[in-house]
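One line per chain: the protein sequences are A and B, in this order.
The first sequence stops at residue 678 when you use my numbering, and every number in between is there.
The second sequence stops at residue 766 when you use my numbering, and every number in between is there.
Since the hints were derived computationally from the structure, they do not count as laboratory data.
Watch out, some of these pointers could steer you wrong.
Ranges of calculated distance between the beta carbons of each label pair, as one might list FRET restraints [what the hints assert, rightly or not]:
(1) B/759 to A/511: 24 to 34 Å
(2) B/712 to A/240: 15 to 25 Å
(3) A/141 to B/712: 38 to 48 Å
(4) A/27 to B/759: 49 to 59 Å
(5) B/759 to A/492: 46 to 56 Å
(6) A/586 to B/712: 53 to 63 Å
(7) A/492 to B/712: 50 to 60 Å
(8) A/520 to B/759: 15 to 25 Å
(9) A/167 to B/702: 35 to 45 Å
Just so it is clear, CB atoms sit at the ideal spot from N, CA and C, and this is done for glycine as well.
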Amino acid sequence: MAKSDIIEHKEKHRHIEPENPLGLDSPRAKVVLAGNPNVGKSLIFNYLSGVYVDVSNFPGTTVAITKGSYKEYDVYDTPGIYGVSSFNDEEKVAAEIILEADIIINVVNSLYLERDLFLTLQLIEMGKKVSVILNFADELKKRNIKINAKRLSDILGVEVINTSAVSKAGFEQLDYAIENARMGKQNEDLHKVLHNFLNRVGSQAEALLVAEGDEYISRKHGVEPGSADDREYIYIDRRNRVNEIVSFVEVEDTSKGRFFNLFGRLAVNPITGIPILLVLLSVIFFLIGDVVSQRIVNFTENTIGKRYFEYYTKLLVAEYASTDITVNLLDDKENVEESKTFRIPDGFSTAVEMKNDFRKISRLPNAETEYHFHNPFVRLFFGEFGVITMTITYLLFLLLPLVISFYIAMAMLEDSGYLPRLATMLDRTLNRIGLNGRAVIPILLGFGCVTMATITTRLLTTDKEKSIANAILQFTIPCSAQLAVISVLLSGAGFKPLFIYVAVIFTVMISISTFMNKVLKGAATPLLIDLPIMRMPKLDNLFKKTFFRTYGFMKEAYVWFFVGALLIGVLEITGLLFVFQDLLAPVTTAWLKLPKEAANAFVMGMVRRDFGAAGLFAIELTTMQITVAIITITLFVPCIASFMVMLKERGIKEGLIVWFSAWILAFFVGGLTAQIII
Amino acid sequence: MHDADIKRHAPTLVPGTSLDKAVKGTYFIIADIPHGLHKVQLIRLGISIGDKIICLQRLPGGTIIIQKNRQEIAIGYHLAREIKIQYI
Ligand SMILES: Nc1nc2c(ncn2[C@@H]2O[C@H](COP(=O)(O)OP(=O)(O)OP(=O)(O)O)[C@@H](O)[C@H]2O)c(=O)[nH]1
Ligand SMILES: [Mg+2]
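Looking at chain A on its own, in the form it has when it is part of the complex:
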């Protein structure tokens, strides 16, 4: 910025956007929590508003704005940013709400004062009303670092308070910070420059962004943005001031901090990092694949679900409904040893004798009971695919325990600080498929929930990266609910099917991304990520997160399971299901080498893939057929929720391309595998 650009300071202008005094019918004041990534904004937001938002130990947890309310204010949680600008989507989202804010609560990680104060100064230079929260006070203390908050407050001209968000220490001062937020000390030279733009863009905040060359804001006002040189000049100048401020306010007792974070170091270097990753995966695999999916689910599904819930529900229905019931007694090898059929045209209520007889025999440990309700509507709700019986057994007794354990595993990974290190270790590998290490984060989150992970692709920079990551997620990553079903189907089948499954899915993943990397223009943006400190996940956050995610999962899944079960039921009663089965038969039987009824699973899979996978339970399959079926279902169309999110994030065209290609891909790869292994 040349000297001649600096024009006279005109006196008549507004420094702040017009304000609404907090009258009754005036809109509520907007309090925006802003700060660098991973500094504790979401934790503070949750405390203030009571609204649950994810808190994790990696930069980029929050990618969208959440609104809550606190006293007479509207409070907003925002994605973390290193500065206000529009370099990527997250930043645009955050910049917009910051521009609209009445009050900004700038959360700062005291450990990284130098990094964080850059944004603080920028917010002050925007002429916003600001208060600064020095968070992570506990970590400072541990490391014998002292920050002179009083002096910092004098230099900045705004309130500065200390907090430790994990223990809520210092939160009693949050009210004070909000009420006393004010415009800080302005940098004279810069302030004058901004007046040049002020007449044209209306607010000092936007003037600053325009001066810094922000194209997005400039376009909005139809003005020429500052040049790249201007921006660099302003940034370097600000950076120098920050460094100076830090040297004034921070004292460190130990010599310049070299944290020794052994695990963190080991996790990042492939020589030790790959073994660590493998051990982690095996532990998770063992706990979920063996302990949960065999022992716990066996109990919840067979004992609670089948033996009690379904048994008594059906018995109750059979009291009045016309039914044929077959009870098979099985021997050790699961062969039918003895079979007895009860025909009750008017229900058990008129056949008390028979009921007692039935209850005795059906309660034998080796008994297997089949109901044939004569009324199609009764069948629809209580039969084999019964809307009520199936939805509840699958959801509560089969999926729930598994999904919870997957969520706990994910939460531990998220909270430990491991993910950014994994991203770093895999950076070069991912470069080969047009991504950088950061993409590991959404992809891994996909194993929790693909829908959520699709939104997290926002933390990637270019469209190309987002497209590739989105495709990997939608095509190949099985979400926790699907993994749940898969681990039950494969449990006890040994390593071979598991190996084939992983190998095929992995190959597809590499092929898709390699192909897209070739076809789409542009190179991967280089990795630039800050590594948070590693630490033990906090139990309360772990439980809270698992609880809210599980709740969210159940809330959505039960609707779709219900709808799906109803759909299947209606198709079955009307006979359309069999038409569909016959139609798909050449594909199902000849190409996929599965029984005709496997087509049901695909109908169900269109609703939700986990539901589709669950549909496989009802069919007798060999191990290799199961392998083919789960490969096909995994690659099959994304569930409705993630399809909707994909349309929103990636556009209708891309969304539809992915959806239709999923059909082709799933059947092609599934069939190919079938031809080889069956």
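Based on these hints, arrange chain B with the ligands on the given structure of chain A.
Below, chain B with the ligands alone, put in the same frame as chain A:
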């Protein structure tokens, strides 16, 4: 202005190299960052010309992990290659 930026720190340096070749465990000074988006991103993170930095790790393939004060930052090979450093 960038010259001024370097001059202020006025280090006497041995001939330099690029960041991707930094040796693990050594201290160095950032000598140059090419203009553009990456430069401003690095400035925001706290890394600018003249800063003293330690290389924590150099992964196979050239991904570099550096530490500035307390902050650990991972930098991909393609970016590291463009950053010129000089050992102290
Ligand atoms: N030790 C310590 N940890 C904290 C403190 N505040 C937050 N954390 C941890 O820091 C991590 C990040 O917290 P979040 O609330 O998700 O941070 P955020 O600013 O919302 O992060 P983004 O959404 O990624 O921008 C979590 O693991 C928190 O438990 C604190 O005062 N002390
Ligand atoms: Mg957050």
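Hint check:
For the hinted restraint 24 to 34 Å between residue 759 of chain B and residue 511 of chain A, the CB-CB distance of approximately 29 Å keeps it satisfied. Judged by the Cβ atoms, the range 15 to 25 Å given for residue 712 of chain B and residue 240 of chain A holds: they are separated by roughly 20 Å. Look at residue 141 of chain A against residue 712 of chain B: about 40 Å separates their beta carbons, and that is inside 38 to 48 Å. Checked against the hint of 49 to 59 Å, the C-beta distance between residue 27 of chain A and residue 759 of chain B comes to roughly 50 Å, which is consistent with it.
About 50 Å separates the C-beta atoms of residue 759 of chain B and residue 492 of chain A, a value consistent with the hinted range of 46 to 56 Å. Take residue 586 of chain A and residue 712 of chain B: their Cβ atoms lie about 59 Å apart, and the range 53 to 63 Å holds. Between residue 492 of chain A and residue 712 of chain B the CB atoms are about 57 Å apart, so this pair conforms to the stated range of 50 to 60 Å. Residue 520 of chain A and residue 759 of chain B have their C-beta atoms about 23 Å apart, which keeps the hinted 15 to 25 Å range intact.
At roughly 36 Å, the beta-carbon separation of residue 167 of chain A and residue 702 of chain B lies within the given 35 to 45 Å, and the hint holds.
Taken one by one, the earlier hints all hold for this structure without exception.
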